[in-house]
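Trainee: What follows is the residue order along each chain.
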Amino acid sequence: MQDDLVACLRAFNRELRRRGAMLGDRAILRERILRAGGRFVRLGGAGDYPFGSAPLVAVDGSTHGFGGSYPYVVYLFRAAARSSRGERVVEQGYLSPLVAAHREEVAQVAAREGVPREHALLLVRDRQLCRLEVRAATAAVGAVGPGLVLFDGGFLRYAHHAPEEWEEYCRTARAAGAVSVGVIEEAASSGLARAVVGEGFFDRDLLFGLLDPGEALFPAPVKRGVYTVFARLSRHPQPVACDFLPEHSQQAPAVMEYLYRITPSDSRGIPLFLDLVDAEVRLDEWEVELLLTTWVEADLRERFLVPHRARRTY
Amino acid sequence: MQVVGTTTQQEVWVASRDRKFVINELLLIEDPERENPVGEVVSTSSLNRYLPLAGEKTPLVDEGVLAGLRAVGYRIEEEEVHLARVRLLQEAGTPVTVGARVRRPAFHEVARYLLPARYRDGLVLGVIRGTGHLTSELPGDLREVLWLYDPERGLYPQDGVPFIFDHHQMHQYPHIGIFGGSGSGKSFGLRVLLEELMERRIPAVVLDPHLEMDFSEPFPGLPAEFVRDYRDRFTVFTVGVDVGIDFTELTSRELAGLLDAVYPLTEAMTNAVETLHRKRDSLVSFGSNLRDLIRAMEEEKTIQAVAEDKVADPVERERIKRYRDLLARYKDRVGGVSTLNAISWRLNALEKEGVFTAGTAVLEEALHRRQLVVVRGPVRLLGVYAAYLFRRLYARRREFQDARAKGQEAPWFPPFVLATDEAHHFAPRGEREVPARGIIREIAQEGRKYGVFLILATQRPALLDDTVTAQLNTKIIFRTVRALDIAAIEQETDLVREELARLPYLASGNAFVSSALVGRTVPVRIRAARTASPHVINPFDELAQRAGEADRRLLEVIAPLLPLGAFNLDLHLPAIQGKLGTPVSFQELLDRLRALAREGHLRVEPTPFGEQFLPGR
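Residue numbers (the working numbering), protein chains in the order written: chain A, 1 to 314; chain B, 1 to 617.
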């Protein structure tokens, strides 16, 4: 029954091997990056927190859905900004096409983007999550006056899905003098790869195993958009990407030193404090189910939400 | 504090970020629909989800990382979450609301769960654990009513709500069991109970095989206002000295039991005793029957050969007639001469111990005076004596009660309590015949009707007679380690899994009280006794102390005679012996001087005549 699949996977494996070979070896890649204006820096100084008594803030959000196919589904959202001194700003919400106002927004996005409503729902969901995260961050900046704000995820995501909120956040942070960093655990960018190896490749292809543990790659500063530093903060060969606003590229080295310090060397390379907030806000299947079973009456849940496939015997 | 997770009508989980839960503390759940139930913490735990057990998926976090976060004010240690399993004191009608707020109750909110209705008059046994925070809210008559003791802390003042046992309710729920291994505080518990009986002048009898039931000495260090003089509240009797057995009241079985206590009887002997013994036999009548029968059997041939009318001496004739009678009546029913001889020497032994010289009158008078009666004697004898004594006292009380029930006049005999440690010796489970078990069973089952109650302490509840155990309506359970005993406790009490699991780890003096009176298991710390057990000095300390005394004495004696040595020891030996008061040889003395020198009490210098001992520095 699996013979065909095996053949497929063999071919796939050959393709991946060829893709790897096209990149060339590590030394050559590093050389090309240097020529493109990048700088490899070995982290591991004292790693002191560069912002004195202004606290650290970490921002993350989580969403989890429950239900069957469109529109019988509900998404719950939870976003939080937490300061190292213990303050928390939490934003929560829900989204379901069963609610008229939400359905309206989905329909608008579907029309504007020219996609089916179920795809539009996913877009609205991402938008909603980004909005809540940025709102929490903005409120936290106002409330606690942080020196450094860590986001779980890149800035482009916020700029794309919640442009107005993101603008406002940037204004507020700038006014408060807070440096923002978006930590991306799985870089989906392609800018560096395009510059170094050409089209068709992504930064991940290039960077896996390229850096030594504790090494960071600072590209040439940029004027607009986002300044992204790559770093292997733990022993894991997959580096993380850290987005800075262009005006903060000067502070990036000191910030990266500190992030290196607060990342456990045995971990996947995410600063510990960010991981803690991630764990705190995470809505998992168990919790969502528990919440819905407790707070949505059984008949309504069965009628509108429980996917029929959940009733399978096997 | 907040209710979390899945709840039931009986149990909830409570979580807190800021405070650790205290085992057995009471918590009030603010759930108005269920009338704000109160529960008791039955297990506690604390966890930090960010500091898990290190494993493949959860590596240990480097110290540097934590230091880096501490620098910005974040302490991962503070992520600790505290959890408690809370069992409701009274079942709620429906499951408790998840998310309900939880707080520590005020005293007036929980008083009804903690105190019996007639608390002013009950037995004050200790404090209820987990109620420490309520101490300051207690009304005056519940404050400073006891002291506590812990081998490490010593004596310390009352810390919590007193545990008061309403003994009046024993009328409905009679008898108390005290279970616990050695060092668990069981004997202390029994002492405290007996003190409370004396305090309220409740007549009681306690068997004292270990000679520890003396209440004359106050507990060392106890503040004066808590010291009580119980010297006129108890009397010690020793079997065979002040109290004994009225032989005429013995049943055949009791007599056999008594003889067996001297040295075990064979079946033939038991049979012989039961054959020979008649109701209302006196020691003299039974003893002479026994001795004469032995003589008769020994001289049987001669006796049977003599023609009665040929004997001139009337006394001798009478004797032969009596012997023939005895032979006719008993010969075939009592076995051989050796069997009877064996019974005879046992009887003599009992007689010599004085068991039959005194009766129980003085003891009964003490009960009339509402005293605690302490009965001492060798363990084996005590078992038999207890059978006799308990039966007799119980009968006295019954006679009075029965007569009164029939509307007849009868001399008053007070209700009383029978107490003993090592109860499994007196009423063991199993086939083996034990003299006291029958009467203990009877009192266990019927004593309530007559106002006769048992307090049975044992370290082996598993070995205690089932019928008796089942009737112990209140059980005070101290540390127990043996699995067999824990299993017995599990069967006989309402202790739940968590409590049973804690039994092997209970600190000395801590106990669970499982009682039909209270309707739930109460964790208790038994109070400090007001009096001390007489033999508390450690035998090994005693040895060291004695040795020290002997050395000091010798030093005193020889001090004026120094310097001493082998050269002049002969000369002084008689004087030294005289002053020490014991003969001591030359060599022995020399050895002891050397030993004192080794310990630095004397100094040694060599001389041409051998070593010389000088005063130590």
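Calculated directly from the structure, the hints in this document are not laboratory data. We treat Cβ as the ideally placed atom computed from N, Cα and C, and that holds for glycine. Heads up, some of the hints might be wrong.
With the Cβ distance kept under 7 Å, some of the chain A side facing chain B (calculated, not the full set) [stated by the list, open to error]:
no., residue
1, L76
2, A173
3, I262
Some chain A residues flagged as far from chain B (calculated, every beta-carbon gap over 12 Å) [claimed, not checked]:
no., residue
4, H64
5, E118
6, T172
7, P264
8, D266
9, L290
10, R309
Computed footprint of chain B on chain A; a stretch qualifies when at least three of its residues, placed anywhere within it, have a C-beta under 8 Å from a C-beta of chain B [as the list claims (entries may be wrong)]:
no., segment
11, 45-51
12, 268-278
Trainee: All hints, please: hold or fail.
Mentor: Consistency of the hints with the structure:
1. Against a cut-off of 7 Å between C-beta atoms, the interface hint on L76 of chain A is violated, since the closest Cβ of chain B lies about 17 Å away.
2. Against a cut-off of 7 Å between C-beta atoms, the interface hint on A173 of chain A is violated, since the closest Cβ of chain B lies about 17 Å away.
3. Nearest Cβ of chain B to the Cβ of I262 of chain A: about 4 Å, under the 7 Å cut. The hint holds.
4. The Cβ of H64 of chain A lies farther than 12 Å from every Cβ of chain B, with a closest approach of about 19 Å, so its non-interface assignment holds.
5. Every CB of chain B is more than 12 Å from the CB of E118 of chain A (nearest about 34 Å), matching its label as outside the interface.
6. With 12 Å as the threshold on Cβ separation, the claim that T172 of chain A sits away from chain B holds: the shortest Cβ distance comes to roughly 20 Å.
7. Chain B draws P264 of chain A into its interface by the beta-carbon criterion, the shortest separation being 5 Å against a cut-off of 12 Å.
8. For D266 of chain A, the requirement that its beta carbon stay farther than 12 Å from each beta carbon of chain B is not met, with the minimum near 3 Å.
9. A beta-carbon of chain B comes within 12 Å of the beta-carbon of L290 of chain A; the shortest separation is about 9 Å.
10. At roughly 26 Å from the closest C-beta of chain B, the C-beta of R309 of chain A stays outside 12 Å, upholding its exclusion from the interface.
11. With a cut-off of 8 Å between beta carbons, the segment 45-51 of chain A has 3 residues touching chain B; three or more are needed, and the interface restraint holds.
12. Counting residues of the segment 268-278 of chain A whose beta-carbon sits less than 8 Å from any beta-carbon of chain B gives 3, enough to reach three: the coverage restraint holds.
Checked against the numbered hints listed earlier, the structure breaks hints 1, 2, 7, 8, 9; every other hint is satisfied.
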